[in-house]
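For this one, chain P is given, so just place chain L on it according to the hints.
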Amino acid sequence: MSKRILVVEDTENNRRILNDLLTNAGFEVIEATDGEKGVAMAAERQPDLILMDIQLPVVDGYEATRRIKSNPALRKIPVIAVTSYALSGDEAKARAAGCEGYIAKPFSPRVILAKVREFLS
Amino acid sequence: MIVLGTNGALETWFTYNDTIEVLVKAQSDEAEAAARRIQQFVEETERQISFATRASASTIEQRLADYQLLLQEVPAIEQLSQLDGRGREQLMVNRSEVVKNRGTDYSGSPSFTEARGRSVWVSPADFEGSAPFMSIVMPHSGLDAGSTVAQINLKSLPTFLDSGQIGNDYEAYLVGPKGRLLAHSNRERRLGTSLDELPQVRAAMNQEGEPPTFGLDPDGRSVLTASAVVPRLNWHVFVEQPRSTALQPVYRVLNRTALLAAIGVLLAIIAGIWLARQMVVPIRALQVGAQQLEASEFGHRIEVRSGDEISDLADHFNRMAEQLRESYARLEQKVEERTRALAQSVSELKALEEIGRAVASSLDTKAVLATIVTRAVQLTRADAGAIYRYDASRKLFELAEAHALEQGFQDAIRSAHIKFDENIFGLAYDERHAIALPDLRQSPDFPLRDATLAAGFHSILVVPLLTQYEILGALVVQRRSVGDFPAGTIDLMQTFAHQSVLALNNARMFLEVEQKGRELAIANEHKTQFFANMSHELRTPLNGILGFSELLTDGLYGKLPDKAMEVLDRIQKDGKHLLGLINDVLDISKIEAGQLSLSLSDYSVQSIVDTVVASTEALAHTKGIEVRTAVPPDLPIGHGDERRLTQVLLNIVGNAIKFTDTGSVEVRVDATEGYFKIAVEDTGPGIPLADQQRVFDDFQQVDSGITRHKGGTGLGLSISRRLVQAHGGHIELHSWQGVGSTFNIVVPVRVSEQRQVA
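These protein sequence lines map, in sequence, to chains P and L. Position 75, counted from 1, in the first sequence is what my numbering calls 127; the numbers after and before it change by one each time, with no gaps. Position 237, counted from 1, in the second sequence is what my numbering calls 290; the numbers after and before it change by one each time, with no gaps.
Among the clues, some could well be false.
[To be verified] Interface residues of chain L toward chain P, partial, derived using beta-carbon atoms under 10 Å:
(1) H589
(2) N596
(3) L599
(4) E603
(5) L609
(6) S652
(7) S654
I should point out that these hints are in silico values taken from the structure, not numbers from a laboratory. Where a beta carbon is used, it is the ideal one built from N, C-alpha and C, also for glycine.
Pulled out of the complex, with its shape left as it was, chain P reads as follows (with noise of 0.2 Å):
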């Protein structure tokens, strides 16, 4: 049974790359388009991973980040955030709402499938 990751990412062209790269590497991808439904979906689906973008409409990606590591029975899920550069301490903020990894933007979809391989091996 193929992993299945959760990408939570308002930009269509991201979904679609992100999607195309692991679909092609044989995880189950299923997307989510602002941090309220990220949230939900994962409660919903119980994905083996998530790509966390944090600039998000709604809810950003730290706040959405928080509530998944708050909520018991998601907590143990892997979330990796996906940020756009050069923002000072923005991973040291991921790892504080506590994000397990971090991919800054614009990614590489090779460096992209390092990392998600390194966390579902």
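Leaving out everything else, chain L in the frame of chain P:
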């Protein structure tokens, strides 16, 4: 005193010597006399015995009769014996018995043996107990005729020692053979004792040189002594007196001398006191006077009435003191005048300083003008004052600040609408200097003149507040009294006016600068925000471009022809370049907005170098440039922003590779004194000296042609320098054209806090 002392000592010495000499002479005479008397006594006794025995007595009876007669006549004879020619006693007579023909043999005794062949023999004195005696042996005439032995009692000897003197001051005694005491004028002395231990006795018996003048008595006291010898008997008569008694006259002289000396000293003291009164007291008075002068007590006068040089000197002193007192008084008066002038200057300066400070530091124009008008009134000793501002748009003067002006008068001024051209302010502006009206009642009419008079002011001074081109207002002080304003006051007011102009100008400029500053800050903030938003907005599509091309390259959407792959590679390169440009612009705008902050954590220089070498490997390989590294294995763990330091090194190494066409690039690291030094050395074209500073400026590349050729924003070094500065470090550049360039990145091993950079 010394003379007195010497004189006394000499006199005492001579007296002593004379006294001793006289006394010894007297004692010597006494001794001689006593010796003669004793000699006479012995000779007389001998003569008596001789006389009694010379008559030839043929029978014992006759002899007995002679002997008895002799005993009667000479009390000193105790006993008489007749010895026959062989030394046997034929007869012995004394005052109690007569023994005849006893026949006792004396042939062995000295009385017999010593006397034989002599006309007379006197035995040495001997003692029976303490009673001295001696024998006189007189041989009878005729062969073996025998001899008469007379035993002589010597207890009468003391009588020969006596004389008028002896017994009072003197003591006399007689010493026989072996130093035994035969007689003493003091009858309590025990006779027979040996005195040969006394120095004078021993000297006399041994007949050594001059007899000593001083000896000892048996009690050990020192005595003055003189002696004489009784020749035949070899007895010695001593006449002595205690030294203390003997020296009585000397002591008397000594006492007298001491008394004289004491009197002399007393006289000297009296003379001294007299001299002191005559000399020292005036000199002391002079000294006290001099001290008083020294202590600036010029009122002190020296009182000396001795009429000599000292009193002349005192008069000089007094005259000098008087002159000094006068000069001091004049000096003090001058000092007082100067002090008053200085105090005025000081208070003027203080006021100016206060105003200057207020002008320089305070943007509160109202407070500054209030200070100026208050000080102006105080320093010119006026009664009230005011500052007016000129409103150029309405051509009206308005009251800005007032000091000591009644509220009613102020209201009157405010409602008066003082126009420029009908006022003395306008006149002052036209003439460009102060206008003084010493008596308002005499002056031409102008608005507020009557109101001013009504408020009780009779003279005013108006100073225009002028810049080079315009009038800003006027400073006015007014007095209740009538009279001219001194030139000094007018000058001072001019100065105050200048300060007021400065204050008004400053205030205006401060206001403008503040306004501009605020606008600038807002604009800058907008710019930063704009850049931040823009870069985010620009990056989002770029993420799509780069992401999709990578997926295409990786064949996710099917295999592409080589030509398409080559084009895809170009798209990716341009996309990455664009991303770099966007990132650089964002960095610069953040730095300029002061929003760049370091994310501090521990890092390894080795890993930074490795990352950079890995990232630039492809480019270096393409250009055929060798990249060498020299990183010591024992470097300390650093503390700083690893990502930013990687960015800096990547920029510099990237530049080095980019600008070097042949040769190599070397990265060397070492750590000394708490700093890492990362040197990046290339064999590129080098940077001209004139451009070496400029390369760190924004948007600067040495040659814009090169920029086009090599790519890059021209922001990289500028950003790198600021990032290193934010770590508390710096970048050094050494470059020689045609040889190459070396960039040294120097950063603290451990950064404790971020520095503000610009």
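- Structure versus earlier hints - violations, ascending order: Going through the list in order, the structure violates no hint and respects every one.
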